[in-house]
Amino acid sequence: MLTITKTFGLFLLTAIAELLGCYLPMLWLSGKGSAWLLLPATISLLAFVWLLTLHPIASGRVYAAYGAVYIATAIFWLWSVDGVAPRWSDLLGAGLALAGAAVIALGARA
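Numbering (this note's numbering), first residue to last: 16 to 125.
Derived by calculation from the structure, the hints in this document are not laboratory data.
It should be emphasised that the depicted structure is a prediction, and the values quoted were computed from it without experimental measurement.
Misleading hints may appear alongside valid ones.
As the list claims (entries may be wrong) - Derived CB-CB ranges, DEER-like: (1) G82 x L44: 20 to 26 Å; (2) S104 x G46: 28 to 34 Å; (3) L111 x I72: 18 to 24 Å.
Unchecked claim - Cross-link-like lysine to any residue pairs, in silico, SDA-like; alpha carbons within 25 Å at most: (4) K21 x G98; (5) K47 x L93; (6) K21 x A100; (7) K47 x F63; (8) K21 x W103; (9) K47 x A120; (10) K47 x A32; (11) K21 x A120; (12) K21 x G115; (13) K47 x A100; (14) K47 x I58; (15) K21 x A50; (16) K21 x L111; (17) K21 x S95; (18) K47 x L35; (19) K47 x G115; (20) K21 x L54; (21) K47 x G98; (22) K47 x A89; (23) K21 x L60; (24) K21 x I119; (25) K47 x I31.
Each residue gets a CB set at the ideal place from its N, CA and C atoms; glycine is no exception.
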């Protein structure tokens, strides 16, 4: 159980690094921030790639399971950063994606 919690935490950190790495350049490109935002964005995207390398299973399986955590994190980002309340369909979709990720992750252990 600790390994699943650790893996989920690692995926969560990875998703935040990816979201931040994409969000900061978007702020700059839309005129809502300075070009200096590109520096932390670059660092964040480098951290994202590095975090993906920390998983011991095949990369395709990691990316598939990570995608679900990314979806759920992006829905939380929608609410916490963009200030938009998720719809029931957003929450259902994220839940279904996480259920799929659990099947992939648990199947990898068999």
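Going down the list of hints, with the structure as the test:
no., hint, result
1, G82 x L44: 20 to 26 Å, "24 Å, holds"
2, S104 x G46: 28 to 34 Å, "31 Å, holds"
3, L111 x I72: 18 to 24 Å, "22 Å, holds"
4, K21 x G98, "29 Å, violated"
5, K47 x L93, "17 Å, holds"
6, K21 x A100, "28 Å, violated"
7, K47 x F63, "24 Å, holds"
8, K21 x W103, "28 Å, violated"
9, K47 x A120, "39 Å, violated"
10, K47 x A32, "20 Å, holds"
11, K21 x A120, "12 Å, holds"
12, K21 x G115, "18 Å, holds"
13, K47 x A100, "22 Å, holds"
14, K47 x I58, "20 Å, holds"
15, K21 x A50, "35 Å, violated"
16, K21 x L111, "21 Å, holds"
17, K21 x S95, "23 Å, holds"
18, K47 x L35, "15 Å, holds"
19, K47 x G115, "36 Å, violated"
20, K21 x L54, "29 Å, violated"
21, K47 x G98, "16 Å, holds"
22, K47 x A89, "20 Å, holds"
23, K21 x L60, "21 Å, holds"
24, K21 x I119, "16 Å, holds"
25, K47 x I31, "20 Å, holds"
Comparing the model with each numbered hint stated earlier shows that hints 4, 6, 8, 9, 15, 19 and 20 do not hold.
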